[in-house]
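*Asks:* Full structure from sequences and hints, please.
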Amino acid sequence: MSRTDAIGAAYLVCAILFIIGLRRLSSPATARSGNQLAAIGMAFAIVATLFDERVLSYQWIVVGAIIGGVGGAVGARKVKMTAMPQMVALFNGFGGGAAALVALADYHDTVGLPGHVEGKIIASILFSAAVGSISFSGSMVAFGKLQEMITGSPVVVPGQRIVTGALVAAVLVLCVILGTGHESQALLVVTMAIAFVLGIQMVMAIGGADMPVVISLLNAFTGLATASTGFALSNNVLIISGTLVGASGTLLTQMMGKAMNRTITNVVFGAFGTGSGGAAAIGPGGADGQVRATTAEDVAVMLAYARRVVIVPGYGLAVAQAQHNVRELADQLERRGVDVRYAIHPVAGRMPGHMNVLLAEADVPYPQLFEMDDINPEFPRTDVSLVIGANDVVNPAAQNTPGSPIYGMPILNVNESSAVVVLKRSMNTGFAGIENELFFDPKTSMLFGDAKASVTGLVAAVKAV
Amino acid sequence: MNESLLVELTVFVLAAFVGIEVISKVPTMLHTPLMSGTNAIHGVVIVGAILVAGSDHGTLTTVVGTIAVAFGASNVVGGFLVTDRMLEMFRKRPEPDAAEKGGDTG
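Top line first, the protein sequences correspond to chains A and B.
Under our numbering, think of the first position of the first sequence as 274, with each following residue one higher.
Under our numbering, think of the first position of the second sequence as 2, with each following residue one higher.
Accuracy of the hints is not assured; some may be wrong.
Stated by the list, open to error - Among the chain A residues that face chain B by a calculated CB cut under 10 Å, a handful are: (1) SER300; (2) ALA302; (3) GLY369; (4) ASN508; (5) ALA520.
Think of the hints as simulated: they come from the structure by calculation, not from any bench.
We treat Cβ as the ideally placed atom computed from N, Cα and C, and that holds for glycine.
*Replies:* Below, the structure is given as structure tokens:
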């Protein structure tokens with residue numbers, strides 16, 4: 274077996290381990306070993322590549338690997354579970370950046386050679402360069418938004434759609450020029466720069482509540498850029514892995530879009546909660562504007578004597594890191610014989626399945642977690658719905674205010690339960706920037722304050738009941 | 002169209018089908034680790050970065066390649082570690098359940 278064959282065999286093992294690893298992610302019991310298998314697969318691919326005949330020197334590989342590896346490891350170890358979405362966005366951006374840089378270097382090497390360059394290689398390089406750049410800058414903006422370094426609300430330039438359209442057109446035209454025989458490294462760099470700006474422009478215009486969709490989409494982008502790098506290098510493991518990720522990201526993006534009842538183009542180009550859409554969104558409930566504030570003691574009595582309590586967690590729970598306190602509250606209530614359930618909206622939080630991870634961290638038993646379609650029929654039989662840091666996913670405007678930007682989005686029907694308690698920092702609107710008439714409903718009472726402090730107060734008050 | 006491109010396209014299409022098949026079986030509960038795990042997998046682009054950084058094709062290529070290796074390495078290492086941390090929490094879950102069940106029967 275030649276060296277090339279051996280490397281090819283190692284790549285095959287890697288691809289198999291990736292697929293088995295993903296397969297094992299379908300159950301919580303096997304998921305961790307699945308991820309470890311995928312990591313072993315990755316080690317195979319990296320070690321095999323080091324033996325490639327084209328690798329002539331190692332010092333810069335080692336330097337890059339140490340810098341990136343240590344940085345990644347420290348970031349991954351230090352990050353709080355609540356900051357997971359931005360960490361995933363950051364790593365995703367690095368992947369996209371790597372794909373774009375590899376494309377740039379490949380182009381630099383390829384155009385220097387005499388003779389005809391295969392069209393396939395040029396096309397793949399252009400795709401990786403453009404999509405990788407969009408993914409890099411887009412992910413960095415998503416990171417900034419989630420980390421609250423940049424405002425979470427949509428930022429649009431005048432003529433947003435025209436500007437975006439012009440940038441897309443510019444990237445496409447430049448790719449056609451470069452792809453049809455005009456060789457210019459400077460032009461490729463310009464193309465990447467425009468794609469970079471396009472990524473910023475697109476994600477800046479998207480509100481925080483749409484981040485689950487954006488992160489899935491950018492994940493798919495980086496996957497496809499990686500697959501395209503595989504075409505440029507005629508490397509099957511890159512094609513396979515990139516395509517797996519592309520498929521995964523695309524599926525998740527579709528699921529998120531479906532959960533919000535919006536198309537992907539609407540999310541990306543819709544610039545939520547700005548202009549006339551936002552103004553029309555103030556529901557009829559806002560007119561009589563009576564909000565009932567309550568105290569922890571009152572809520573504790575309601576909860577302690579309820580038969581069934583449904584907890585609706587949202588991003589506010591993640592921000593306040595109140596998941597452990599919520600678990601404690603649920604334990605207290607269960608000890609008193611209350612049936613406690615959690616209602617998980619598909620787009621609650623800032624990435625797909627975000628609430629599940631937080632509640633898993635607090636050791637909440639799986640059988641208590643209910644998906645939207647399973648819990649919605651139960652609300653009429655629920656005594657108290659406890660909404661913790663969620664807003665848009667319980668906003669009845671989605672059902673009865675046709676002008677609202679979230680109109681048509683399936684929501685958790687907490688307003689069908691006998692009473693609703695909303696834990697909220699203040700009367701500010703959610704990330705979608707729209708009023709929530711639920712807060713003005715006569716059966717709703719508001720417990721203002723930081724989610725963690727409020728829940729801690731509730732735990733103490735329930736104990737005292 | 003040359004032969005290698007056809008083979009690569011075949012691999013691409015089959016991988017897409019496998020991907021859709023495998024991913025659609027992952028429950029909502031595990032979507033965050035799925036996303037973060039696939040995120041680590043696309044870090045395999047580091048393979049391309051290594052080929053560039055080690056190619057000795059001049060300073061520009063080496064500089065670009067080294068940055069790409071650093072990006073790829075942080076994507077791979079960070080991605081798998083973060084996913085492992087998440088899944089560690091999921092894995093603890095069945096134990097208290099089993100203990101409860103044991104308590105019920107006993």
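*Asks:* Decide, hint by hint, whether the structure agrees.
*Replies:* Verification of the hints:
1. SER300: 8 Å, holds
2. ALA302: 6 Å, holds
3. GLY369: This hint holds: A:GLY369 lies near chain B, its Cβ roughly 8 Å from the closest one there, short of 10 Å.
4. ASN508: 7 Å, holds
5. ALA520: Holds. Min distance 3 Å.
In this structure, none of the earlier numbered hints is contradicted; all agree with it.
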